[in-house]
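A.B. asks: For chain S, the structure is supplied; the task is to place chain B on it using the hints.
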Amino acid sequence: MRVCVASLAALTEPVLLATPTTSLTGDSLDQRWRDRLETVLAAGAAAGASLVEVFLESTDHIGLLAEQERITNVSPAFGRGAGLRVFLGDKDGFVSTNDLSEAGLLQALDQALGMLGLTRANLGAHGFDGLAALRDHGASKENWLRQCPGLDESTARLLEATALLDRHGDHLQARRGSYARDWQEVLVAASDGTFARDIRLHQSVGINALAADGDHRASLGRRYGSSGRPDDLRQWDAEASAVDLCSSARSMLYADYVEAGNYPVVLANRFGGVIFHEACGHLLETTQVERGTTPFADKVGDTIAHEAVTAVDEGLSDGAFGSLSMDDEGMEPQRTVLIENGVLQRFISDRAGELRTGHARTGSGRRQSHNFAAASRMRNTFIAAGPHTPEQLIGSVDRGLYCKSMGGGSVGPTGQFNFAVEEGYLIEDGQLTKPVKGATLIGEAKEVMPRISMCANDLELAAGFCGSVSGSIFVTVGQPHIKVDTITVGGR
Amino acid sequence: MGADIITARPSALHASDLAGQLQSLATELGVSRWDLGAACSTDTSVQVDRGEAKQLKGAQRSSITVRAWNSDGLVGITSTSDLSPAGLARALAGASDASTYGNPDDSPGFSPLATAPLAQLEQPISEPRGILELLDTLKQAEAELLGRHPAISTVPYNGLAQRSSQRIYLNSEGACREQQLSTASLYLYARAEEDGRKPRSSGAVRLAYGAEQLDVAGCIEEAAERTIQHLDYAPIATGRYTCVFSPEAFLDLIGAFSGLFNARAVLDGVSLSQRDSLGSQLAVPFLSIHDNGLHPGNIGATSFDGEGTPVARLPLLEGGILRNFLHSEATARAFGVAPTGHAGLGAKVSVGPHWFEIGPAGSTGEQAGAANLDRFSQDGIVWIDSLSALHAGVKASQGSFSLPFDGWLIQGGEARSIEAATVAGDIRAVLKGLVGFEGQAKITPDGICPLVWVDELSITGDA
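Respectively, the protein sequence lines represent chains S and B.
Every position in the first sequence, counted from 1, becomes a number in our numbering once 816 is added.
Every position in the second sequence, counted from 1, becomes a number in our numbering once 37 is added.
Think about it this way: if two alpha-carbon atoms lie no more than 27 Å apart in a straight line, the pair counts; the simulated DSSO-like pairs of lysine-lysine are: (1) K1262/S with K1115/S; (2) K1115/S with K907/S; (3) K479/B with K469/B; (4) K1262/S with K235/B; (5) K907/S with K176/B; (6) K1115/S with K235/B.
No lab work stands behind these hints, which were simulated from the structure alone.
From a predicted model like this one, the values you see are computed outputs, not experimental measurements.
Next comes chain S alone, as it looks inside the complex (with noise of 0.2 Å):
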């Protein structure tokens, strides 16, 4: 069982489309609620409950894809559900369903009390005062999906791009353009008075190349993506995004394979802070400190880390993939430092976390739709820079390997990481020199902290997704140009 950020890609700027033909039509997720969502929440709550919570959901998606000069898929959806939790103590259940219905809520209440033996039949007293006013962090949002491209600009942006991959390309067998608009309205009310309400739009536009020339072989790709930027398909560079790949699989196609070993490694700034988000991150989640799967659980206030490493987790970052308004547990982000100068502040933390671990809740519970309660889940997770050069870290290395692009990577129960190069060059007396692939890093956790010896003063996010216990989310991750002095590099 691994936790893992995948197909995680640079976040600059952000892409999009829309789809006139699968706006929302229907109701929306509003004000307009508040009775019936009272009348369960109390009902929760009078059966015994310490917390009920619903979340209420609605989306609406389109996913394009170009394949060398043609449309090859168009795929909308749509759809509504509900995630009702309750507690009672640190003890929960939670019910996803699609029934929307007064009827449908209560009856998906009634299956979450029974998970814990509480039962509508037990009416009494309850300490439920009626939802808050409602934070409507979507009322300034309402009109984000007229003001994404249409179906005929998006899929001429993505024509656009396969063209200008063949423009810029030598070899390339297979180009791809792939473009996704994900549209979400929240609602989310509680027991505890909680009543908030939000819209987000995530779009991610990414580009594919396979080149290939006798036996040799490479596939590489780039991933953008944004959070609350209608405009950004028709703001992408198309051109030097396609120029940037094309240039690496250029690189790439005839590269030998890394020599296995151990060796100093300099990983390149943006997506090289997967390193972070797996080796680490994920520890500093309080679902691990559940579980008992983390070594940083009883180490606040200890140095798990070299002094040159500060970490921070935010939702804040303007149009960063994992910023947010309102976590889904209708909570207001937070810019939390994890790590300062290598000693351990915080954990990310949700309701249940705080509720199971003590650790206060930090605006950081999110979940992939309603058919998941909600988790403590990283969203733009960083590290800060530092003070050198990008050269100055390549400088100081006789023999070892630049990661300029990574590709996934995953952190197991016992904090073993790995993660994949996807492009590599070999460090020789300072310089970089010759292309090598097939690199996979690995190491644990709190090995590898220790060794992050150098952070350059070149900050930049990249987005990508995460799948862990409460679905697939939206994330960034992000550093400077890092040194790790050592670390396992597995190859041929």
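C.D. replies: Same frame as chain S, now just chain B:
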């Protein structure tokens, strides 16, 4: 605790009603050709943590995917979880609108086999058990596993789940497929740690048609045994080793490179195979691979694919020779063959395997693999128990892989757990570097396979 909650079976979808509704809506919209895939399910699951309920979960899910063809023969698609009349209408209208963007070079059609007879699967439908009963079962299983060894301190990943589901395929030419199914699963992943040593983890999974049929004792036994076997570990020196893959690990590897057999990937130019690869020798002559979604060991088998085509056993490699590709209707048409029952449902239809049968081809003499293999009889054998991070460490279109694994190094007839290591290679070299098979084939959730010996793979370790 109150009365146990038994989550009802999903509200049944009525195929004929659904067909009638779609036909009426299609007539209103002027859509003459459409098809639909629908699914609904009811799930119940429990997790525990050191004797206490950790999370109890239930879900009712429903979804439909509608395709509509326009007058130019182009197809559009829309999916939704809203099965109300309004939701169906919106989905069909959305699909009709999306057909404007259909691909004229590769437009799917109805499967010519969408009304062909289906295989009869023996899949008993089990009544769901109460969630508190599931909870008790899992608590007992956790307690037993914790009691197997003092070093096993937690079972951080565990779950007992049951599902009742229904799926339907309909089209405007009268195809009507329907299947109901009940399944249950149990997984136990233990964490063990001894003083001064690194924590170790391993586990086991069991599937069945109902919770009462789950092999709970076997799952506990296997999870305990595998976890305890990894307690005494040592680093391994980087180098090239003869590796013995467990059935699970080899099936994972073949699954990750199933693009070799995938006609969609071939047509898209991202497979290691080409159209003319059929008939070529991809592997040693003693290896055969079939895809057989109908195998009785395949819990949750489906009798028809996303396009309504019957699922059937298909030879992929026979005697190491590539015999067939997996097909949808569209790819089959492009190759001039019949669909094989491996399609999804989409505007661009995905293709994928169901369940692999991997084993000897029945060759003899020099064409046969090494006989009577015994991994404990040789020194320096790496026994790979499980592979990790296949999503990150496999380059399917390049053929290369570099994957972390759990396993053992065998010396002097004894297996000692390997601390942390990766195995790297090229799938084409693996298929041609097989030494032979060891032992009887084992049924796993992904297929059936014996232990597989492979020569000269790169292992990276810490020693």
